[in-house]
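Based on the hints, put chains R and E in the right spot on chain L.
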Amino acid sequence: MPQWIVDLFSNFWVSLGGKLLLVALMIPLVGMAIGFAEMKLSAKMQYRIGPYFAGGRWGWAQLIADGVKFFQKEDIIPEEADRPVFKAAPILVLVGTVALLVVIPFGPSLIFRDLDVGVFYALAISSLSTIGILMAGWSSANKYSLIGGLRAAGQLIAYELPLVLAVVGSVILAGTMSLQGIVEAQIEAGYPYLIFQAVGFAIFMIATLAELTRIPFDMPIAESELVMGYLTEYSGFRFLFFFLAEFANMFTMSAIAATLFLGGYWLPGIPQDVLEFAGPVILLGKVFLLVFAMIWFRWTFPRFREDQLQTLAWKWLVPLALVNIAVTATLKVVL
Amino acid sequence: MTDNGSRTLPGLGMVKGLGVTLSAMFKTLFLPGKYLATVNYPKVKEVPVPRARGVIALDQEACTVCMLCARNCPDWCIYIEGHKEEIPPGEPGGRVKVRAKLDRFDIDYALCMYCGICVEVCPFDALFWSPEYEYSEAHMGEMMHDMDRLQDWMATVPEQPALEK
Amino acid sequence: MTIDTNAIRHLSDAQVSVELETEDMTLNIGPQHPSTHGVLRLVARVDGERCYDVQPVIGYMHRGYEKLSEVRTYPQITTIINRIDWVSGYANEVPFIVAAERLMEVEVPERAQYIRLILTEMARISSHLVFNASYPLELGAATPLFFALRERERVLDLLESVTGGRFHPNFNRIGGVKPAYGSGSTTRKQPQDLPAGFLAETRTAMDKVQEAADQLEDLVAGNEIILARTQGIGVLPRDMAAAYGVSGPNLRASGVPFDLRKTQDYLPYDRFDFKVITASNGDCFDRWWVRLQEIRESARIIQQAIDSIPSGDLQAKVPKVIKVPAGETYVRAENPKGEMGYYLVSDGGQGPYRLKIRSASFSNLSILPWILEGVLVPDIIAIMGSLDFVLGDVDR
Chain L
1 MPQWIVDLFS NFWVSLGGKL LLVALMIPLV GMAIGFAEMK LSAKMQYRIG PYFAGGRWGW
61 AQLIADGVKF FQKEDIIPEE ADRPVFKAAP ILVLVGTVAL LVVIPFGPSL IFRDLDVGVF
121 YALAISSLST IGILMAGWSS ANKYSLIGGL RAAGQLIAYE LPLVLAVVGS VILAGTMSLQ
181 GIVEAQIEAG YPYLIFQAVG FAIFMIATLA ELTRIPFDMP IAESELVMGY LTEYSGFRFL
241 FFFLAEFANM FTMSAIAATL FLGGYWLPGI PQDVLEFAGP VILLGKVFLL VFAMIWFRWT
301 FPRFREDQLQ TLAWKWLVPL ALVNIAVTAT LKVVL
Chain R
1001 MTDNGSRTLP GLGMVKGLGV TLSAMFKTLF LPGKYLATVN YPKVKEVPVP RARGVIALDQ
1061 EACTVCMLCA RNCPDWCIYI EGHKEEIPPG EPGGRVKVRA KLDRFDIDYA LCMYCGICVE
1121 VCPFDALFWS PEYEYSEAHM GEMMHDMDRL QDWMATVPEQ PALEK
Chain E
2001 MTIDTNAIRH LSDAQVSVEL ETEDMTLNIG PQHPSTHGVL RLVARVDGER CYDVQPVIGY
2061 MHRGYEKLSE VRTYPQITTI INRIDWVSGY ANEVPFIVAA ERLMEVEVPE RAQYIRLILT
2121 EMARISSHLV FNASYPLELG AATPLFFALR ERERVLDLLE SVTGGRFHPN FNRIGGVKPA
2181 YGSGSTTRKQ PQDLPAGFLA ETRTAMDKVQ EAADQLEDLV AGNEIILART QGIGVLPRDM
2241 AAAYGVSGPN LRASGVPFDL RKTQDYLPYD RFDFKVITAS NGDCFDRWWV RLQEIRESAR
2301 IIQQAIDSIP SGDLQAKVPK VIKVPAGETY VRAENPKGEM GYYLVSDGGQ GPYRLKIRSA
2361 SFSNLSILPW ILEGVLVPDI IAIMGSLDFV LGDVDR
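Protein chains in written order, with this note's numbering: chain L, 1 to 335; chain R, 1001 to 1165; chain E, 2001 to 2396.
Chain L with its partners taken away, still in its complex shape:
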């Protein structure tokens, strides 16, 4: 590397700017890639082709075209809407997603900031999007949005609990809350925590689907009833924020699941120095598997009704997660 680049980036502000730019670019790119994967995979499940014309035979430019289309649309804000809240809602949702990227370990030394309370920080920051959704539902001055917002309030808060409780099992096994530390503990143990934490993994994935308001937990949006629920009044650029935020959130939550349960950037049998380069690729592979599962579930199942949703969360997932914690803790002490 030429010396002047090293000197340039050793300046704190330049390296900070570089990291911010990287994060800012990653979210749209990841969002578009996952959106494109969803379009193509869902098409194949339905005996269709999916995007074909944008960008040659594979249609890879479809999401870029969609992005440009959303950019240049008119920004419509309803007259009765609460303007500052209306404008701030998509930003909050996106901030909750972007901030999660900070703690995800892409390789043994490829992490933006290895916090000691990584898991705690991740779960807390991901709850920011809940406020954004409530703000969107309330400020839209539309009865459909209000119903969507109310449903979102109930659902997102209800599913925070199983989300948090499900990771406690992994934390107990690893002994540390730092995400990098959890991966290193799995490397040391030689097996991914999925083997002992299958129940926790299932609960985490179900709770993730609910936090993202994807089908089967799609009631706040409920396209066939509420015409997009809390998103009804958003158009153009603001809708693009929500749209990207959903796909980017799929990426980040899958990355956290992969880190906590599937071993993160590590595959058994790969030496440490190769992991420096191969780590991100391995992590992306695991993330892709999880994202594929999310897409698969979305296009197969119908949606739960709101009270059935709540029953599932409170009566089934929370007790199961508590039992999981108790069993894991006992076994860790005993064995």
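Each hint should be verified, as a subset may be incorrect.
With a straight-line cut-off of 30 Å between C-alpha atoms, the simulated DSS-like cross-links for lysine-lysine are [unchecked claim]:
no.: 1; chain 1: E; residue 1: K2320; chain 2: R; residue 2: K1016
no.: 2; chain 1: E; residue 1: K2208; chain 2: R; residue 2: K1027
no.: 3; chain 1: L; residue 1: K315; chain 2: R; residue 2: K1027
no.: 4; chain 1: R; residue 1: K1084; chain 2: R; residue 2: K1097
no.: 5; chain 1: R; residue 1: K1084; chain 2: E; residue 2: K2275
no.: 6; chain 1: E; residue 1: K2356; chain 2: R; residue 2: K1016
no.: 7; chain 1: E; residue 1: K2208; chain 2: E; residue 2: K2275
no.: 8; chain 1: L; residue 1: K143; chain 2: L; residue 2: K69
no.: 9; chain 1: E; residue 1: K2067; chain 2: R; residue 2: K1097
no.: 10; chain 1: R; residue 1: K1043; chain 2: E; residue 2: K2208
no.: 11; chain 1: E; residue 1: K2208; chain 2: R; residue 2: K1034
no.: 12; chain 1: E; residue 1: K2275; chain 2: E; residue 2: K2317
no.: 13; chain 1: L; residue 1: K69; chain 2: R; residue 2: K1045
The following residues of chain E were derived to be distant from chain L, with all beta-carbon distances above 10 Å [what the hints assert, rightly or not]:
no.: 14; residue: N2028
no.: 15; residue: P2056
no.: 16; residue: V2057
no.: 17; residue: F2147
no.: 18; residue: R2150
no.: 19; residue: D2207
no.: 20; residue: E2211
no.: 21; residue: A2221
no.: 22; residue: G2245
no.: 23; residue: V2256
no.: 24; residue: K2262
no.: 25; residue: F2272
no.: 26; residue: K2317
no.: 27; residue: G2341
no.: 28; residue: L2376
Hints in this document: simulated from the structure, not taken from any laboratory.
Glycine included, each C-beta is placed from N, C-alpha and C at the ideal position.
This is chains R and E only, laid out in the frame that chain L set:
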């Protein structure tokens, strides 16, 4: 009686549904010739059956301006104007023949509902169905097809299919 | 100034005992909505998620069929009447033509009757496939839509190969089906009998339709989420169904084995062997299940008809300009949506004097205020979808 199937495990129905979508995905990826349900219009076009009601074609020679089609059209979308011509006798002392000639025969496809009554009541076989369907326009005024354009559609009228038995 | 401590204590008590009053919200599930099957407007009073009162407002799609029929001749009415229930196009034409034939006392040839029956059953399969496509979509599952519509394309292609039109066949004539183009031509008459290969293609198509019914059943019937959303929801007891005039698969799902195909003779159904499918609970799941099984029964009827179709004329001898003698008659038929009836009053002219259309969806819709009382908002959508009405049929 409703039959939900006897399932031993709860959740088995959902797994079966997952299996259906996954197998659909693999079938479409690896055997698209057999399983793909869509065609890539406009690169690939489906051929409609010969009897498909796409557009009406006019054989100007056969038309005698009897106005039956215009009268029977439920939407009144056919506009016909004609005049009578006198044809001089073939031999001296013969009768002068009077023949009707078309001046204007327009079908307004913006109104036409493709019912086929005009084709059916024509006693002189001047109107035919053709399965052509790609004649959309950007302006509604251009959906009025005049005599010559209707005559051009005659080239696309297919042979009628063979019948059963 | 003295402070009256007693009064202050009473004041604070009074503030605590004020109750929280909540207001109902009037939600307009408006004419433009993804799942109202057309332009139906439901004015619903909801309290949170629970709906207390629903008033359907219809008429956004009224096209004036009965008035249009007064100024048109019988062949012209045949061309517009298949647009009443546009999902099952052919099935709307048959009872009207049978009514005119009854007044004229015309004997329809056997082959024409068999062709009418085959095409009507294909229309039934087409309509039920659309239901199977759109109902899971309203519940959130997007994939059965494509499976069902794919099979529907086969049926529509068959309809097109015979009649020339997929949704609006316009194939019935008084006295039979369309015999030929050109009623008076002699040189290039084009007979409109079944095209070559139709019987073989129909056989394969019916096999594929039954396979698709199996696939849809696998995808949808066992799914726990669908069962949780549809079982026990929108239960319609037998007596309420009969009182409101509900007909068709909705009535049969409530346990009433009433099928006009068995009791009326507008088409030769008595020569074929098919079951009347009923279910016992009358909830949304049963209504879905009855329609799925009816697809299979219709495929069986078509296969039997294909095997035994007689040869012969396509249309009886009728004069070129048709005038139906004076009189009145009512013909009921089993449409895919329910019972469809045409009350035809003729005064001897070229067109009817009055045509009254009893449409199935109008009566099916009338049960909405009763059945939607006290249900949750998502259930409104589930119940409305399971009744399977089409606004063109409601408003005519």
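Each hint tested on the structure:
1. E:K2320 <-> R:K1016: Answer violated: K2320 of chain E to K1016 of chain R is near 59 Å, above 30 Å.
2. E:K2208 <-> R:K1027: With Cα atoms ~16 Å apart, K2208 of chain E and K1027 of chain R stay inside 30 Å; holds.
3. L:K315 <-> R:K1027: 39 Å, violated
4. R:K1084 <-> R:K1097: Cα-Cα ~10 Å, so holds.
5. R:K1084 <-> E:K2275: 64 Å, violated
6. E:K2356 <-> R:K1016: 48 Å, violated
7. E:K2208 <-> E:K2275: Judged against 30 Å, a Cα distance of about 21 Å means the pair holds.
8. L:K143 <-> L:K69: Holds, at about 28 Å.
9. E:K2067 <-> R:K1097: 45 Å, violated
10. R:K1043 <-> E:K2208: 27 Å, holds
11. E:K2208 <-> R:K1034: Holds - the C-alpha atoms of K1034 of chain R and K2208 of chain E are around 13 Å apart, at most 30 Å.
12. E:K2275 <-> E:K2317: 35 Å, violated
13. L:K69 <-> R:K1045: 28 Å, holds
14. N2028: About 8 Å separates N2028 of chain E from the closest Cβ of chain L, which leaves it inside 10 Å; violated.
15. P2056: Consistent with the label, P2056 of chain E stays out of reach of chain L, its closest Cβ about 16 Å off (over 10 Å).
16. V2057: The claim stands: V2057 of chain E keeps its Cβ more than 10 Å from every Cβ of chain L (closest is about 17 Å).
17. F2147: Since the minimum Cβ distance to chain L is about 8 Å, F2147 of chain E lies within 10 Å and the statement is violated.
18. R2150: 6 Å, violated
19. D2207: Its Cβ never comes within 10 Å of chain L, the nearest being 18 Å, so this holds.
20. E2211: Holds, because the least Cβ-Cβ distance between E2211 of chain E and chain L comes to about 14 Å, which exceeds 10 Å.
21. A2221: Answer for A2221 of chain E: holds, closest chain L Cβ roughly 12 Å.
22. G2245: Answer for G2245 of chain E: holds, closest chain L Cβ roughly 28 Å.
23. V2256: 28 Å, holds
24. K2262: Fine: 34 Å to the nearest Cβ keeps K2262 of chain E off the interface.
25. F2272: Its Cβ never comes within 10 Å of chain L, the nearest being 32 Å, so this holds.
26. K2317: K2317 of chain E is indeed farther than 10 Å from all Cβ atoms of chain L, at 48 Å.
27. G2341: The assertion about G2341 of chain E holds, with a minimum of 32 Å to chain L.
28. L2376: 7 Å, violated
Hint violations for this structure: numbers 1, 3, 5, 6, 9, 12, 14, 17, 18 and 28, all remaining hints satisfied.
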